[in-house]
Structures are given as structure tokens and as C-alpha cells.
Amino acid sequence: SAVISQKPSRDICQRGTSLTIQCQVDSQVTMMFWYRQQPGQSLTLIATANQGSEATYESGFVIDKFPISRPNLTFSTLTVSNMSPEDSSIYLCSVQGAGGTEAFFGQGTRLTVV
Amino acid sequence: AQSVTQPDIHITVSEGASLELRCNYSYGATPYLFWYVQSPGQGLQLLLKYFSGDTLVQGIKGFEAEFKRSQSSFNLRKPSVHWSDAAEYFCAVVPGGYQKVTFGTGTKLQVIP
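Protein sequence lines, in the order shown, are assigned to chains R and A. Read left to right, the first sequence gives residues 1 to 114 (this note's numbering). Read left to right, the second sequence gives residues 1001 to 1113 (this note's numbering).
What the hints contain is simulated information worked out from the structure, not anything from laboratory work. Worth double-checking, as some hints may not be accurate.
In silico SDA-like links for lysine to any residue, alpha-carbon gap of 25 Å or less [unchecked claim]:
#1 A/Lys1100 x R/Phe61
#2 A/Lys1108 x R/Arg10
#3 A/Lys1049 x R/Arg36
#4 A/Lys1108 x R/Gln107
#5 A/Lys1108 x R/Glu86
#6 A/Lys1068 x R/Gly99
#7 A/Lys1100 x R/Asp26
#8 A/Lys1100 x R/Gly100
#9 A/Lys1100 x R/Gly97
#10 A/Lys1100 x R/Gly52
#11 A/Lys1100 x R/Gln6
#12 A/Lys1061 x R/Val3
#13 A/Lys1068 x A/Ala1029
#14 A/Lys1108 x A/Leu1056
#15 A/Lys1100 x R/Arg70
#16 A/Lys1100 x R/Phe75
#17 A/Lys1049 x A/Ile1011
#18 A/Lys1108 x A/His1010
#19 R/Lys7 x A/Glu1088
#20 A/Lys1100 x R/Phe104
#21 A/Lys1100 x R/Pro67
#22 R/Lys7 x R/Ile63
#23 R/Lys7 x R/Gln22
#24 A/Lys1100 x R/Asn50
#25 R/Lys65 x A/Lys1100
#26 A/Lys1100 x R/Glu54
#27 A/Lys1100 x R/Thr30
#28 A/Lys1108 x R/Leu45
#29 R/Lys7 x A/Gln1042
#30 A/Lys1100 x R/Ser53
#31 A/Lys1100 x R/Gly99
Note that this is a predicted model, so its numbers are computed, not measured.
Required output: the full structure, derived from the provided sequences and hints.
Structure, rendered in C-alpha cells:
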């Protein structure tokens, strides 16, 4: 299994500002994933981040709003840009285990936009 | 398109009672199947997984799940629920290695004394 550390664990931000969430994994992984969990909802995949290439975004998510960096095989960041109250969610970083099957998750970042 | 259905949004059980959470999937072949638990304010923790073989799989915290191919189901069970089991439970599917995980909508479990 992988140990994933996410920072910050929570934040309250003003609308119109941006927040960068960091994700650190204790081992090298090929793909890292960013999910959004809106209040009372399930997880929705935002994008897949591969080291050395641009992230692949799911339908409904765009790079201008959610820029992602993946500078090496153990680290990634997700920025939530120009935030509005609708961006209030839990954002989770995830990696897949050996064989690319089960997913492991960080503790999440609980974002509130006021 | 593959999908995962958890028909029960919210379930309430008494402490010590048995529990079954339902999960149905829609996919051409048998995918990899998982159950995760999310306690309030926490990330997701893997409870158990099914890849192949024995259709009854054991997980952590006394949970088990049974895969039934004929019903496209992977229901989660626990014989005796503890108050600490109150959480949200997500069923998830991966069609194959290094492919996208699809989550069900989740079932919120409340445990009453």
C-alpha cells in the first residue's frame, strides 16, 4: 500500500482567490489522480496526472480552473483557481497500487469558499 | 458505459445487528471490485477487494463481501455492527489494471444504541 500525505487538510478561502493543494506519496508511482467530493456526493475524477506530461482532464473539468503539476514520481499539486462557493468540496489525491488496481487515498483537503 | 449502483442512500441499524450494503455494477466483463469506507472528515480506506477466485472475500474490521456474477452484485456484510462502523461506504469498480476507478454514490450508515 501507499502512504499519501495531503496539505492543507482544510482551508477557508475568499471567492476569487486560488488554493494549491499538495500531495506527497511515499513511493514512486506512475499515475496520480485528483478527485472532488462535493457535499453529500460521491467522488468525481478531476484529472489524471502523469509525470512529465500534461494532465488528462475528465469531462467538465478544465486546465484553466484546475491546473495540475507533476514534477516527479512522488509529488503532485492541484490548484483550484478563481474560486467560488460552488468549489467548496473535499479534494482527494489518489494513487493506484501494484498492478494498477486498488486506489489509495490521502486524507483529503476540505475546502470552504466564502 | 460502466456504472456502479448503491441503491441505499442511508441505512440505520442497531448496534450488534447484522448489516448488508448492496452494490450492483454494469460492465461487460467482471471488473475488479472494491469497498471503501469514509469516516467523517477522513479520506477513503480500503475495506476489501475482489479480483478473482473465491467469491466470498474477507476484509478488515470484520467485513466481508460476496461476489455474485449472475446478479452483477458485490454486497458488503458484517454480522455484528459496532458504533464505530458509522460512516459512509463506497463500492468501486475498475475494469482493468491502470484504468479509471468508478465509484458508487455511497451509503451512509448510522448505528443506533
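Against the structure, the hints:
A C-alpha spacing of about 16 Å is found between A/Lys1100 and R/Phe61, which places the hinted pair at or below 25 Å, so the restraint holds. Proximity of A/Lys1108 to R/Arg10 is assessed by CA-CA distance (about 22 Å); at most 25 Å being required, the pair is judged to hold. With a CA separation close to 23 Å, the supplied pair A/Lys1049 and R/Arg36 stays within the 25 Å bound. At roughly 18 Å between alpha-carbon atoms, A/Lys1108 and R/Gln107 fall within 25 Å of each other, so this suggested pair holds.
Taking the CA atoms of A/Lys1108 and R/Glu86, the gap is near 23 Å; set against the 25 Å cutoff, the hint holds. For a cut-off of 25 Å, the pair hint linking A/Lys1068 to R/Gly99 stands: about 24 Å separates their Cα positions. Pair hint A/Lys1100 plus R/Asp26 holds up; C-alpha atoms about 22 Å apart against a cutoff of 25 Å. With a C-alpha separation of about 9 Å, the suggested pairing of A/Lys1100 with R/Gly100 holds against the 25 Å cut-off.
Our distance criterion of 25 Å between C-alpha atoms is met by A/Lys1100 and R/Gly97, whose separation comes to about 13 Å. Distance hint between A/Lys1100 and R/Gly52 is fulfilled; the C-alpha atoms sit about 20 Å from each other, no more than 25 Å. In summary, the hint linking A/Lys1100 to R/Gln6 is supported, as the alpha carbons are separated by about 21 Å, within the 25 Å threshold. A hinted pair counts as satisfied when its Cα atoms are at most 25 Å apart, and A/Lys1061 with R/Val3 qualifies at roughly 20 Å.
At roughly 13 Å between alpha-carbon atoms, A/Lys1068 and A/Ala1029 fall within 25 Å of each other, so this suggested pair holds. The straight-line distance between the Cα atoms of A/Lys1108 and A/Leu1056 is roughly 23 Å, inside the 25 Å bound, and the hint therefore holds. Under the criterion of a C-alpha separation no larger than 25 Å, the hint pairing A/Lys1100 with R/Arg70 is consistent with the structure, at around 18 Å. For the hint linking A/Lys1100 to R/Phe75, the alpha-carbon distance of about 20 Å falls within 25 Å, and the restraint holds.
Between A/Lys1049 and A/Ile1011, the direct Cα distance comes to roughly 22 Å. Compliance with the 25 Å bound is thereby established for this hinted pair. With a C-alpha separation of about 5 Å, the suggested pairing of A/Lys1108 with A/His1010 holds against the 25 Å cut-off. Note on R/Lys7 and A/Glu1088: the hinted pairing holds, with a Cα-Cα distance of about 23 Å set against a maximum of 25 Å. The suggested pairing of A/Lys1100 with R/Phe104 holds, with an alpha-carbon distance near 13 Å, which does not exceed 25 Å.
About 20 Å separates the Cα atoms of A/Lys1100 and R/Pro67, which keeps this hinted pair within 25 Å; it holds. At roughly 21 Å between alpha-carbon atoms, R/Lys7 and R/Ile63 fall within 25 Å of each other, so this suggested pair holds. Of the pairs offered as hints, the one joining R/Lys7 and R/Gln22 holds, with about 5 Å between alpha carbons and a cut-off of 25 Å not exceeded. Straight-line distance between C-alpha atoms of A/Lys1100 and R/Asn50 comes to about 14 Å, which keeps the hinted pair within the 25 Å bound.
Between the alpha carbons of R/Lys65 and A/Lys1100 the distance comes to roughly 21 Å, so the proposed pair stays at or under 25 Å and holds. Distance restraint check for A/Lys1100 and R/Glu54: the Cα-Cα separation of roughly 17 Å lies within the 25 Å cut-off, and the hinted pair is therefore satisfied. About 14 Å separates the Cα atoms of A/Lys1100 and R/Thr30, which keeps this hinted pair within 25 Å; it holds. At roughly 21 Å between alpha-carbon atoms, A/Lys1108 and R/Leu45 fall within 25 Å of each other, so this suggested pair holds.
With a C-alpha separation of about 13 Å, the suggested pair R/Lys7 and A/Gln1042 falls inside the 25 Å cut-off, and the hint holds. Between A/Lys1100 and R/Ser53, the direct Cα distance comes to roughly 18 Å. Compliance with the 25 Å bound is thereby established for this hinted pair. Between A/Lys1100 and R/Gly99 the CA atoms are separated by roughly 13 Å; this keeps the pair inside 25 Å, and the hint holds.
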